[in-house]
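Student: Residue strings, one per chain:
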Amino acid sequence: MQEVPAEDRREDLDPVAAGESPRDARSAPPAPPVPEVRDRGPHAVADPSTLEAPAKILVRGLDFWYGDRQVLFGNDLEVAERRVTAIIGPSGCGKSTHIRVYNRMFELYRDQRASGTVLLDGENLLDPEMDLIDLRRRVGMIFQRPTPFPMSVFDNVAYGLRLHYRISRSQLEERVESALRGAALWDEVNDKLDEPGTALSGGQQQRLCIARAIAVEPEVLLMDEPTSAVDPVATAKLEELVDTLKDQYTIVIVTHNMQQAARISDFTAFFYKGYVVEFGPTERIFTNPSERQTEDYITGRFG
Amino acid sequence: MSTRPGRLGSKRWPDVLFRAAAVTCAALICLLMAGFFVELARNAWPSIRAFGFGFLTTSTWNPVTRTFGALSSIYGTLLSTLLALLIAVPLSLATALFLVKLAPPGLAKWVRQGVELLAAIPSIIFGMWGLFVFAPYMADHVQPFLQKVLGFLPFFRGPTMGIGIFTSGVILALMVIPFITAVMRDVFTMTPPVLEEAAYGMGATTWEVVRNVTIPYGVRGLAGGVFLGLGRAIGETMAVTFVIGNNHQLSASLFAAGNSIASTLANEFTEASEPLYRSSLIELGLILLAMTFLIQVAAHLWLNRLGRASGRTA
Chain C
1 MQEVPAEDRR EDLDPVAAGE SPRDARSAPP APPVPEVRDR GPHAVADPST
51 LEAPAKILVR GLDFWYGDRQ VLFGNDLEVA ERRVTAIIGP SGCGKSTHIR
101 VYNRMFELYR DQRASGTVLL DGENLLDPEM DLIDLRRRVG MIFQRPTPFP
151 MSVFDNVAYG LRLHYRISRS QLEERVESAL RGAALWDEVN DKLDEPGTAL
201 SGGQQQRLCI ARAIAVEPEV LLMDEPTSAV DPVATAKLEE LVDTLKDQYT
251 IVIVTHNMQQ AARISDFTAF FYKGYVVEFG PTERIFTNPS ERQTEDYITG
301 RFG
Chain B
1 MSTRPGRLGS KRWPDVLFRA AAVTCAALIC LLMAGFFVEL ARNAWPSIRA
51 FGFGFLTTST WNPVTRTFGA LSSIYGTLLS TLLALLIAVP LSLATALFLV
101 KLAPPGLAKW VRQGVELLAA IPSIIFGMWG LFVFAPYMAD HVQPFLQKVL
151 GFLPFFRGPT MGIGIFTSGV ILALMVIPFI TAVMRDVFTM TPPVLEEAAY
201 GMGATTWEVV RNVTIPYGVR GLAGGVFLGL GRAIGETMAV TFVIGNNHQL
251 SASLFAAGNS IASTLANEFT EASEPLYRSS LIELGLILLA MTFLIQVAAH
301 LWLNRLGRAS GRTA
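Chains as they are written, first to last, in the working numbering: chain C, 1 to 303; chain B, 1 to 314.
Hints may be right or wrong, so weigh each one.
What follows is a set of in silico ranges between Cβ atoms, one per label pair, in the way DEER data are often shown [as the list claims (entries may be wrong)]:
no., chain 1, residue 1, chain 2, residue 2, range
1, C, R169, B, F37, 49 to 57 Å
2, B, G35, C, R169, 56 to 64 Å
3, B, W13, C, Q70, 56 to 64 Å
One side only, chain C facing chain B, incomplete, derived with CB under 8 Å [as the list claims (entries may be wrong)]:
no., residue
4, L108
5, M151
6, Y159
7, R212
Which residues of chain C face chain B? A few of them, derived with a C-beta cut under 8 Å, are [what the hints assert, rightly or not]:
no., residue
8, N103
9, I133
10, R136
11, R137
12, G140
13, F143
14, R145
15, T147
16, F149
17, C209
In short, the hints are calculated from the structure, not lab data.
As the structure is a computational prediction, the values presented were derived from the model and not from experiment.
Glycine included, each C-beta is placed from N, C-alpha and C at the ideal position.
Just chain C, with the same shape it has in the complex (with noise of 0.2 Å):
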């Protein structure tokens, strides 16, 4: 992976602006051309005007390999700014794949290739040039299964804070209990600060893996089937949780369960075979699918 030498990417944290997101910083770079939408065929789906919010994320002719299998066709999808999307399919489609191009995770196994464009705020972010680790504070990630890192509860939310900027102890404090705050979890955790992260809850866990996600500021929180290894009880803890971090985060989720993604998405893509064979806005999607195979799925013929 892309090696930066750690002095040139923390951001020293002035005092004064530490309320400040650092994205505040950046000032929005002119928009670049939105390259033009492939000739897909019957797949012919994505169109930004789709979106009442401005996109966040643009993808364009996304494709992707593992070694010689290509598994990504042609993906094109728009993710609206501070909306809930939702990504869909039966297993086996493409879905984590596709979001994991999202933070470039998938650069960390060797046979795995994208190609395409895939624009953060009009920035490619497959470009090789791209700041890795930077991506990656931006685009946070919650996969599967909870992985508190083999440390306390403070140090799990601290994790993230301490390896982009540096700040002082009661800064650190302050923005870890904002995190738990952000991820409901304070309450819970409190006073259990010091015991390590693995001696939560699995739903608890969850919401921490959130809250250290959260904690660095990202503005695109990516949600791999984040409640397939929590109970029911957690799994609408966690749902109600994805509503309250819309107002400020733009999130796409990966799931199983299609009354979840009905329940908590703006918007939702339909992804079989790893094409993106329908797109647009989740109540749409759900009442009234154009493509065949979107209303077979989701009306449990398959899948």
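Go by the hints and put chain B onto chain C.
Tutor: Only chain B this time, still in chain C's reference frame:
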């Protein structure tokens, strides 16, 4: 349901037999262990009675006057083992990380086989190579260099003869590296990929992921590897006997000739015809056994505490 009682009865037989066999084997291991202790203690009794606790705290070893003290052997054993681990643990850690995290698969295979080959070399070969090749090299190059740089410390004073505790520590390190590396490699392979992905996903570099997640996650397994190496180093006889110098003396200098429990036993057992002499050597063996036993127990206790601290159980 037509469950025939005969069939049920016949089904129980193998279970009973298997249970009995398993219990017997387990009990035999415990008995064997206890037997070692008892037999060693019984044969060491004349020496224990003659020297008492002083056996552990004096280093006089004089078969002529029949005065024996184990201190120099214990000191040499612990010091050469400690030295070996100080050298071997970081090297093994780095090698294992290289093999699992960094090396391209083709290269990793070659390096792994090379390291494993090191484990197949008989210790007598290490000893001979150590005496004829490595010790002279140490005497001519490594030790003078260390003396020049770190000579203000008492550990690096004295004549640079090549043989001695320092050289035997280095040879021991070479011998335990393949074992520690193999265990550490397995530990790193077993780290859940998603945990490391989560750390990468926070914007951590490979080094930060390894330091903050991979190593703490596998710390119990890694420590297990270190103790495996320690167990081998502490009792290693042949290679150490060749290069340690076999001298019953205590010296702060690592370059001085010394001895270890194992090397003393190997050297002197054949000439110990006198009962108290023989008994003292057997007491040395008892001490070695007790030392390894205590270290293992302490390691277990420590690891359990560590496991609780990071919230994971054994």
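Student: Looking back at the numbered hints, which does the structure fail to meet, lowest number first?
Tutor: none
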